[in-house]
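Visitor: Here the protein sequences come in this chain order: E and Z.
Heads up, the first sequence is in the working numbering, so the first residue is 1 and it goes up one at a time.
Heads up, the second sequence is in the working numbering, so the first residue is 1 and it goes up one at a time.
A hint or two may mislead.
[As the list claims (entries may be wrong)] Straight-line distance between alpha carbons at most 27 Å, and here's what the computed DSSO-like set of lysine-lysine pairs gives: (1) E:Lys89 to Z:Lys300; (2) Z:Lys185 to Z:Lys144; (3) E:Lys255 to Z:Lys144; (4) Z:Lys131 to Z:Lys116; (5) Z:Lys185 to Z:Lys116; (6) Z:Lys218 to Z:Lys300; (7) Z:Lys135 to E:Lys89; (8) E:Lys89 to Z:Lys144; (9) E:Lys255 to Z:Lys131; (10) E:Lys251 to Z:Lys116; (11) Z:Lys278 to E:Lys19; (12) Z:Lys116 to Z:Lys80; (13) Z:Lys278 to Z:Lys300; (14) E:Lys89 to Z:Lys116; (15) Z:Lys135 to E:Lys19; (16) Z:Lys218 to Z:Lys80; (17) E:Lys200 to E:Lys89; (18) Z:Lys144 to Z:Lys131; (19) Z:Lys131 to E:Lys89; (20) E:Lys19 to Z:Lys300; (21) Z:Lys185 to E:Lys19.
[Unchecked claim] Pair ranges (Cβ atoms, derived): (22) Z:Ala117 to E:Lys255: 16 to 22 Å; (23) E:Tyr173 to Z:Ala117: 21 to 27 Å; (24) Z:Trp178 to E:Asn2: 36 to 42 Å; (25) Z:Glu114 to E:Lys54: 44 to 50 Å; (26) E:Tyr79 to Z:His258: 57 to 63 Å; (27) Z:Lys80 to E:Val28: 36 to 42 Å; (28) Z:Lys80 to E:Ala239: 40 to 46 Å; (29) E:Tyr5 to Z:Glu129: 28 to 34 Å; (30) Z:Asn93 to E:Val28: 44 to 50 Å; (31) E:Ser8 to Z:Arg156: 18 to 24 Å.
No lab work stands behind these hints: they were computed from the structure.
Think of the CB as a built atom: it goes at the ideal place given N, C-alpha and C, for glycine as much as any other residue.
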Amino acid sequence: MNLSYRISYVFLRNLYSYKRFIVPTFLVSLIEPLFYLITFGVGMGAYMGAFGGKPYLHFLVPGVLVTAVMMSSSFECLYGTYIKIVHEKVYDSLIATPVSADEAVAGDIAWGSFRGLISSTLMMTVALAMGVAPASPLRLAVLLVFMVFIGVLFGALAMIVTSVAPSFDFFSYYTELVITPMLFFSGVFFPLDNFPGWMKTLAEFLPLTHAVRISRAVFTGEPAAGTGWGLAGLAVLAAVVFTVSIRMMRKRLIK
Amino acid sequence: MNPERNLVTASGLTKRYGDLVAVAGISFDIREGECFGFLGPNGAGKTTTVRMIHCVSPVTSGTLTVGGLPSGIGNRALKKMTGVIPQEINLDNDLTVHENLVIFARFFDIGRREAKARIGELLRFVELEAKAGSKISELSTGMKRRLLIARALINRPRLIVADEPTTGLDPQARHLIWQRLRQLKAQGATLILTTQYMEEAQQLCDRIVVMYQGRILKEGSPATLVEELIGREVVEVRVPPEDDARILAHLTDFPCTHERVGDTLYFYCRDGHGLMRKLLELDLPNTLNRPATLEDVFLKLTGRSLHE
């Protein structure tokens, strides 16, 4: 792979472009967590009693944090990148400079991850305001680092989809058939304990399941079984997905 | 700078996309400091060729060197010394005029202070100082094309590749761009131009190649090609084809060649006046004598049917 510090130039380009959209995207990023936390956390939580001795919100927040990262970085690397390739031709002008196609793609994945970090930070701020806080400030810091990693994972995964997308419509397959089901089968909103055995096994193959479990363990400070292996698995998956995404995008960009 | 030195050398250069042969084993040399033109109808392989020269498209087979280095996707040294004025306006619409140049300067590792100086200079060069803070959507097509030139010059390129740089421009904007390109050449840059406008090639190019279906049909300076393939003058006679035999019989002894295209009979010759005098004897209604141009060469070489 042809990667260097020039990735930061691509990131910088996105930051310049983002300046004009900060207010609207911040609003959207704030509305989404409020929506989740109020409807599910407060509304539904009222009927759910205590989860492991704490209000439902404490169960919900770590899962929703990861979900927000997944959503933001996926959408950025699906729609954002597609627009930059097909409509705005940003990639065409980029690869004629010393910045390589690999760096352009890596820069966009980094950007997707950053957008994920913004979303989760905003959500964390709302959660803190509602009195739901991680067990310690150190855990908060670790959590944010983990969000960056999750952003890269899902950004790169989305990039693979973008590399073969003939049009915008193609993305609905991915969002409807992969992202949305994952949201409900990964233990974000309720524990997986009551699923039948085969569904539990299936859930173990979803990266979001592990991401949520790790996020929750870090957030609450209560160790959970399988987080070590889960993290190792996610790291391997991220490395593979990142490599594949760059190779496939290279095919799309260099003709 | 040595005018005898070749900056770009291609030999048996080929580009295939699956079964489609876009460039079919062409060879050419581009000398340092000259303006070299690729002419040809749509789909002739001009853009594909220059894309290989500026390292954004891999070579299928054959050799291609720029400044002695083999051209290749990963060749940052070549990309650093090349400025590209693309055919398609691919300015960054999310950024202002000034920001477009700032970001491009970063891509080329140009330091902030140096970038600032160059951007000021380049905006003056393309007469866009007043638009520095404007959005791209607020620019006219001519301004966008000028900004593309400024952007291509941010790295002070030794080689400038201009792929149909004046498409869609009005005469004023087109002439301004021609002047700027000539100025760059005068400053010592080597210029590679692709165009479908014969006047543009005649105005700018020292040497041209005419491409058709991935091959080079002819190579030479615009003036020599015209002289060699057409002659000095063209006489157009707009008469129905039934009259051809009568006119040609009248001109049997006159040194010229002819071609019938649609409603017009074309004569290519050196002595246009003499030919006109002969034709006057026939008292034909629509006769026109004009100097031969590159357009005649182009049409003669690539045919007159539509290329779609």
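Visitor: The structure should be examined with respect to each hint, and the outcome stated for every one.
Guide: So, going through the hints one by one against the coordinates:
no.	hint	in the structure
1	E:Lys89 to Z:Lys300	36 Å, violated
2	Z:Lys185 to Z:Lys144	21 Å, holds
3	E:Lys255 to Z:Lys144	26 Å, holds
4	Z:Lys131 to Z:Lys116	16 Å, holds
5	Z:Lys185 to Z:Lys116	24 Å, holds
6	Z:Lys218 to Z:Lys300	11 Å, holds
7	Z:Lys135 to E:Lys89	17 Å, holds
8	E:Lys89 to Z:Lys144	14 Å, holds
9	E:Lys255 to Z:Lys131	35 Å, violated
10	E:Lys251 to Z:Lys116	36 Å, violated
11	Z:Lys278 to E:Lys19	73 Å, violated
12	Z:Lys116 to Z:Lys80	18 Å, holds
13	Z:Lys278 to Z:Lys300	24 Å, holds
14	E:Lys89 to Z:Lys116	25 Å, holds
15	Z:Lys135 to E:Lys19	13 Å, holds
16	Z:Lys218 to Z:Lys80	31 Å, violated
17	E:Lys200 to E:Lys89	44 Å, violated
18	Z:Lys144 to Z:Lys131	11 Å, holds
19	Z:Lys131 to E:Lys89	22 Å, holds
20	E:Lys19 to Z:Lys300	54 Å, violated
21	Z:Lys185 to E:Lys19	38 Å, violated
22	Z:Ala117 to E:Lys255: 16 to 22 Å	36 Å, violated
23	E:Tyr173 to Z:Ala117: 21 to 27 Å	50 Å, violated
24	Z:Trp178 to E:Asn2: 36 to 42 Å	37 Å, holds
25	Z:Glu114 to E:Lys54: 44 to 50 Å	57 Å, violated
26	E:Tyr79 to Z:His258: 57 to 63 Å	60 Å, holds
27	Z:Lys80 to E:Val28: 36 to 42 Å	40 Å, holds
28	Z:Lys80 to E:Ala239: 40 to 46 Å	31 Å, violated
29	E:Tyr5 to Z:Glu129: 28 to 34 Å	32 Å, holds
30	Z:Asn93 to E:Val28: 44 to 50 Å	21 Å, violated
31	E:Ser8 to Z:Arg156: 18 to 24 Å	23 Å, holds
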